[in-house]
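A.B. asks: The chain contents come next:
Number of protein chains: 2
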Amino acid sequence: MMVEIPDSHPRKKSLESRQKIVEGSSKGLLADSAMIAHGRGEAFDYLLGERTTKSAREAIRESAARLNNASSPVISVNGNTVLLAGKKALRLAAVLGCPIEVNLYYRTPERIAGLLALLEEHKTVVLGESEPEGFEGNWSDSVGAVSLLGSSPDFRIEGLEGPRSHCMEEGIGSADSILVPLEDGDRCEALVSLGKEVIVIDLNPLSRSAKMATVTIVDEVSRAFEGILSELIGNPNEAPTEWNNDSALRSALGEIDEFLNK
Amino acid sequence: MMVEIPDSHPRKKSLESRQKIVEGSSKGLLADSAMIAHGRGEAFDYLLGERTTKSAREAIRESAARLNNASSPVISVNGNTVLLAGKKALRLAAVLGCPIEVNLYYRTPERIAGLLALLEEHKTVVLGESEPEGFEGNWSDSVGAVSLLGSSPDFRIEGLEGPRSHCMEEGIGSADSILVPLEDGDRCEALVSLGKEVIVIDLNPLSRSAKMATVTIVDEVSRAFEGILSELIGNPNEAPTEWNNDSALRSALGEIDEFLNK
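So the protein sequences, as listed, match chains R and S.
Residue 1118 is where the first sequence starts when you use this note's numbering, and the numbers rise one by one after that.
Residue 1118 is where the second sequence starts when you use this note's numbering, and the numbers rise one by one after that.
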């Protein structure tokens, strides 16, 4: 049951996100601990003021430049990402011209199939939406061309054991740059060890994933997707910089500090 | 399925708590959003270093003195509290000589009954445990005397509407001091408005409950229960002080600050 939250509610977006996660969980699309992970994210987002901070904007700009310059980018999504920002992931993949791979830490064929079905539904919706302002390609062709991967894993991430190592060659297997929101620390580390550029979206600047990533965007996943998309369209010729991720994470911690001292 | 976490794991307690919540949820003992609330708590506990901080110790000492001086104290528990610290709540109630009332924001008769049944099971376990060191009464009499309330609400908390206003006269209704972990802001405010002393346990020093309470213990619920119990036994003659809760909350924020700057 989706409860209507009044527009005037100061935390409307946060409460709507919570409802999406609760609903997705009741449909069996999430692992047991996914709601707990969402709660942790809520707390950190709260401490960041539930907005894209200055340091996150810089990380978003850097990520857009890197994804734009990659030869084979991919967006790796888990259940929470599909529920919170599935349509935005599709819009971003359409602009980047890259596949989306459903890749789960606690992989079950049922959840992979359920999430892919949901993404297919989202695709129909996104096809009917207007193209992002400033987008110069053909929107329906671009959206239609987004491959939704994950159902038939034929590749393994070296350095990991069991189902969590499975992925698809066409997606994560052959990607040189991976945008992966809400990732587990071990997998993030394994992907980095393979020499891939790993761009993580994680609200906790102290998490292992945040520390392991090439670039960490400390922001809520749907805001981060929107931000990357508008950078790609607004600043398409931006080049990647020498990026100091440790210093970026320190800035994010400083922003939490500021919030606490307000 | 309870997974064994090695003793060496630095975050063993946190992971065990998470498992208790996941299990309780799968048994139908928790509301939809309880796991999300637990995740928020995890994040704040992480930022406090997963330990009882100095400011929490002071709030625990004050709370013990106030509960000890109350004429009708009560411990109000929700699903998360019963799952995370049900046995510790019983031990504390036995020492205080007070009832425990199961009181849920999203009240359903099924969940109340399930949580009361779990507390009854815990009671049998606690009866078989050794008494707290230094406890001078008769342990099995004291544990046996703890009333477990909540199944037949016959009282309403003024200022609240619907099922969330229900409680028992013998418990919250006639209490002058209420120890209530993980409470909702509205209910906390209503209880304070009734002139009751409200002692909240909440890991988020910025929550409405934390701000509304007479005394806020910014600590994990099972650590807080243990702390109050040992204060009651170790310092039974402690008197309540003029307590400045705002200043205590500022100290808790300062402790998070210190953690972030480490």
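Just so you know, the hints here were simulated from the structure itself, not pulled from any lab data.
There may be inaccurate statements among the hints.
Which copy? The list can't say, so a pair holds if one copy fits it or any two copies do.
[Claimed, not checked] 20 Å max Cα-Cα, derived EDC-like pairs, lysine to aspartate or glutamate:
(1) LYS1130 x GLU1287
(2) LYS1129 x ASP1303
(3) LYS1204 x ASP1149
(4) LYS1130 x ASP1258
(5) LYS1379 x GLU1286
(6) LYS1137 x ASP1149
(7) LYS1379 x ASP1149
(8) LYS1240 x GLU1167
(9) LYS1240 x ASP1303
(10) LYS1144 x GLU1278
(11) LYS1130 x ASP1149
(12) LYS1204 x GLU1375
(13) LYS1171 x ASP1149
(14) LYS1144 x ASP1271
(15) LYS1129 x ASP1374
(16) LYS1144 x ASP1374
(17) LYS1129 x ASP1301
A.B. asks: Hints first: check each against the structure and report whether it holds.
C.D. replies: Tested hints:
For the identical chains of this complex, LYS1130 and GLU1287 are neighbours neither inside a copy (34 Å) nor across copies (40 Å), given an alpha-carbon limit of 20 Å. Proximity of LYS1129 and ASP1303 under a CA criterion of 20 Å is satisfied inter-copy only: 18 Å between copies versus 33 Å inside one chain copy. In this homomeric assembly, LYS1204 and ASP1149 never come within 20 Å of each other (Cα to Cα): the closest approach is 24 Å inside a single copy and 24 Å across copies. Neither within a single protomer nor between protomers do LYS1130 and ASP1258 lie at most 20 Å apart by alpha-carbon distance, with minima of 31 Å and 51 Å respectively.
Proximity of LYS1379 and GLU1286 under a CA criterion of 20 Å is satisfied in neither setting, with 48 Å inside one chain copy and 41 Å between copies. With identical chains, the CA atoms of LYS1137 and ASP1149 are at most 20 Å apart both within one copy (15 Å) and between copies (12 Å). In this homomeric assembly, LYS1379 and ASP1149 never come within 20 Å of each other (Cα to Cα): the closest approach is 36 Å inside a single copy and 32 Å across copies. Taking the shortest Cα distances, LYS1240 and GLU1167 never come within 20 Å of each other, neither inside one copy (27 Å) nor across copies (43 Å).
For the homomeric pair LYS1240 and ASP1303, neither the shortest alpha-carbon distance inside one copy (31 Å) nor that between copies (41 Å) is at most 20 Å. When the C-alpha separation of LYS1144 and GLU1278 is checked against a cutoff of 20 Å, the pair qualifies neither within a copy, at 28 Å, nor between copies, at 30 Å. For a Cα distance limit of 20 Å, the shortest separation of LYS1130 from ASP1149 across copies, 18 Å, qualifies, whereas the shortest one inside one copy, 23 Å, does not. Taking the shortest alpha-carbon separations for LYS1204 and GLU1375, neither the intra-copy value of 33 Å nor the inter-copy value of 39 Å comes in at or below 20 Å.
Within a single copy, LYS1171 and ASP1149 get their C-alpha atoms no closer than 34 Å, and across copies no closer than 34 Å, so neither meets the 20 Å cut-off. In this assembly of identical chains, the alpha carbons of LYS1144 and ASP1271 never lie at most 20 Å apart, being 27 Å within a copy and 36 Å across copies at closest. For a Cα distance limit of 20 Å, the shortest separation of LYS1129 from ASP1374 qualifies neither inside one copy, at 24 Å, nor across copies, at 27 Å. Taking the shortest alpha-carbon separations for LYS1144 and ASP1374, neither the intra-copy value of 38 Å nor the inter-copy value of 39 Å comes in at or below 20 Å.
In this assembly of identical chains, the alpha carbons of LYS1129 and ASP1301 lie at most 20 Å apart only when taken from different copies (18 Å versus 28 Å within one copy).
Of the numbered hints listed earlier, those contradicted by the structure are 1, 3, 4, 5, 7, 8, 9, 10, 12, 13, 14, 15, 16.
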